[in-house]
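Chains as they are written, first to last, in the numbering used here: chain A, 1 to 422; chain B, 1 to 271.
FYI, nobody ran anything at the bench for these hints, they're computed from the structure.
Treat the hints with care, as some may be off.
The following label-pair restraints were derived from C-beta to C-beta distances [said to hold, decoys possible]:
| # | chain 1 | residue 1 | chain 2 | residue 2 | range |
| --- | --- | --- | --- | --- | --- |
| 1 | A | Lys-259 | B | Ile-248 | 29 to 39 Å |
| 2 | B | Ile-130 | A | Glu-224 | 54 to 64 Å |
| 3 | B | Lys-168 | A | Asp-203 | 14 to 24 Å |
| 4 | B | Ser-67 | A | Ile-354 | 16 to 26 Å |
| 5 | B | Tyr-79 | A | Cys-97 | 36 to 46 Å |
| 6 | A | Gly-389 | B | Met-172 | 19 to 29 Å |
| 7 | B | Ile-166 | A | Ile-324 | 20 to 30 Å |
| 8 | A | Thr-227 | B | Asp-68 | 18 to 28 Å |
These numbers were taken from a predicted model, which means no experiment stands behind them.
Beta carbons: idealized from backbone N, C-alpha and C, even for Gly.
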Amino acid sequence: MSIWKAYIAPLQAENEHGDFIEITQFVVNKNIGAVNRMTENNEYDVGIAPNDSMGIKLSNDNGDFSEPGSVNSIFPYKRAGSKFKITYLFDKYPPICGFAVAGISALGPEIEIYEGILNDQDAEQDIETDTISFTILGYSAALDGLETVTTGISTSDTVQSALFKLMNRIEFTNLVLVDNANINPGVNPTISTFNGATTFLDDTTVKEAVTRLLEASGSILYIENNTVYVSARTPSSAVEYEFFGQAAKLGLENIQDIKDYKIGTNRTFNLWKWEDTTLTSRSATSIGTYGALKKTVNYSAVTQATYRQTLLDYYKTEFSEPKIELDLYTPIDYERIGLQLMDKVTIDYPNVPIAIGDGSLPVWNTGSMVWQEESTFDPNKNFFSWPDGLFNISIDPNTEWKIIGIKIDSKDDIMNLKLREI
Amino acid sequence: MSEKIRVYEVPVSDISNPNFYVTITDAIATDKGDDIINFMRNRDLQSSWMTTGSTDAANTEILCDVSDSSQIDDIFLSYHNLGDFKFEYWSGSAWVLIDNVTSNTEDFYHYEIVGGVITTQIKLTIYGTIVADEDKRIARLILAKKLESGQFESWPIIEKPTQGTIRKSSVMLSGKYFLSEGIGAFLVTLKWKGVIGQNDIDLIERMFLWRKPFMIWLSGGDQTQFRFKLTGYRNEDMYIMKPRKDYINAYYKGLYRAMVPQTIDLVEVVE
């Protein structure tokens with residue numbers, strides 16, 4: 001039995017939020033919605049992920065969630081920009097009369113699953129049912145509403161330094177932690193390396209400016225535990241979790257399902273070209289095997305030809321060979337819900353051999369079995385034949401995977417991890 | 001002698017318990033099977049812990065550390081080849097004998113510790129295999145605690161015992177079926193036309209209301225009470241299960257002094 005809760009922290013004044021107020025009892029039909037975070041923009045491309053978002057429908061018969069100025073509204077200043085969060089409590093074996101069984105009860109804390117800001121633009125009120133629907137946007141959406149300030153940013157700034165200066169705004173740091181130590185671009189040149197000026201930042205929103213710098217440095221941006229991270233597409237160094245399939249022998253089954261198993265050609269690009277130039281980077285080996293899978297780019301921040309080539313080569317190295325991707329579904333518990341984007345995991349999903357012939361599984365034993373030519377085949381001699389398998393796929397536990405997407409569904413306590421082979 | 005259905009808590013030795021540690025001591029074996037210790041905890045009779053290169057002279061020792069003091073009422077070994085062996089528990093100051101077995105020829109072992117023991121360690125010492133000097137092998141080692149009384153006093157009807165492997169069936173154009181199968185789960189319904197004993201009521205309510213899985217042993221220790229040796233009814237068939245439906249406990253025809261009909265739909269669970 002798990003417990004999901006929803007909270008709102010209304011804006012009291014500009015950049016000033018009140019305390020979180022629990023609003024779980026107003027959530028309609030327990031419809032907290034699914035929370036979805038990704039590092040790439042879609043299944044078939046590479047690029048900066050859009051803002052994550054989720055929907056919520058609340059009972060508004062008392063007007064608690066109406067616009068500011070309404071009677072009973074909990075919003076004294078404005079609705080848009082108010083913080084919203086969802087928490088999870090794995091209260092599987094709750095205490096009885098205040099006593100919990102040691103070793104069995106999970107007296108864990110309330111864990112924040114998702115935090116974002118309330119979007120007022122598409123709020124819809126239904127008069128008949130007295131409900132109101134909102135979209136909650138991830139905190140990165142706050143960058144969309146900020147105009148870029150280029151003061152203090154020069155061409156001698158590295159990408160890391162420029163990103164920090166762009167995001168270190170009270171409107172954003174009021175919501176998340178922006179720390180230079182967590183900004184580690186894949187490639188970190190000075191701006192002068194790829195652009196003679198900072199004019200590519202002019203007349204942009206912070207989100208646009210950040211996106212241009214991310215593209216120019218082969219980086220991704222994601223927010224975990226209210227902290228901003230910029231990094232290359234590299235996973236954690238240690239294996240953070242092991243998943244076991246239905247036939248795994250060395251661990252308890254914790255994979256509910258595996259879907260959308262792709263061999264990776266959907267996100268393989270072996271011929272990179274800079275638009276309107278002759279600059280290309282190609283992997284001849286990959287093209288020979290998979291054909292030309294071309295991607296044309298034009299990252300506006302990068303004007304220097306030398307760096308453009310460097311960037312093309314960087315992306316080609318990252319994406320020229322297919323990497324298997326799959327969606328892994330697993331029941332939620334405290335350990336698994338703590339997994340984060342770019343965490344490294346393993347999957348032990350063995351097949352089950354089914355004997356053919358006399359009912360015994362063949363075992364290769366040097367000296368007692370021989371390979372035979374088809375033309376001189378003698379059935380009286382021991383021969384080796386591959387057994388059949390119960391499933392059509394098996395996954396080696398020695399293969400490592402990184403988490404590139406997390407979707408948490410409160411409806412059935414299942415989380416969906418999108419994994420990419422490392 | 002016929003045995004009624006027994007019910008246990010999820011064994012402390014189960015693979016779901018991260019605080020259960022096994023140490024193997026064998027001075028002769030070239031491989032003590034340290035990497036595959038979990039094969040005797042993984043609820044799977046098709047995988048076994050085993051040694052390589054061991055002999056009877058090794059007196060192989062399997063030390064089970066349960067970390068926190070735990071009540072152990074019953075010990076099971078399934079699909080094993082142990083001929084002479086001994087179980088002991090740690091009293092806090094000394095090893096105390098539980099059971100000493102000699103000249104065994106069966107591949108299934110069950111011992112009910114009268115009154116149970118509360119201990120932090122159980123030790124199995126193996127002095128010989130059924131066929132002398134074979135490598136030791138155990139498919140399943142269970143250290144279990146009874147749930148409530150641990151055994152029904154009545155015999156429910158065992159309905160629809162199912163080895164459920166079929167996850168999905170699709171019909172092809174020809175009309176033939178394509179079946180997608182998984183490893184499988186055991187499902188069974190226990191049905192009483194009327195429960196008349198308070199102990200059975202207590203056990204049934206515990207199974208429903210404590211919201212944790214438990215281990216069911218349909219044979220209770222006597223598979224010969226069934227005419228045939230059927231999967232699900234064998235001594236080695238023990239399943240971790242939970243009720244799939246809600247608990248309903250109406251008296252028969254609403255009469256306060258009547259018996260209580262009861263049905264439990266059980267499904268094998270992961271945790």
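Quick rundown of the hints versus the structure:
A/Lys-259 and B/Ile-248 have their C-beta atoms about 36 Å apart, which keeps the hinted 29 to 39 Å range intact. At about 56 Å, the CB distance of B/Ile-130 to A/Glu-224 agrees with the hint of 54 to 64 Å. Separation of B/Lys-168 from A/Asp-203 is about 55 Å and departs from the stated range, judged on CB atoms against 14 to 24 Å. Checked against the given bound of 16 to 26 Å, the beta carbons of B/Ser-67 and A/Ile-354, roughly 39 Å apart, lie outside it.
Checked against the given bound of 36 to 46 Å, the beta carbons of B/Tyr-79 and A/Cys-97, roughly 43 Å apart, stay inside it. Checked against the given bound of 19 to 29 Å, the beta carbons of A/Gly-389 and B/Met-172, roughly 21 Å apart, stay inside it. Range check, B/Ile-166 to A/Ile-324: Cβ separation about 27 Å, and the 20 to 30 Å hint holds. The hinted range of 18 to 28 Å is not satisfied by A/Thr-227 and B/Asp-68, whose Cβ atoms lie roughly 36 Å apart.
Of the numbered hints given earlier, the model fails hints 3, 4, 8; all others are met.
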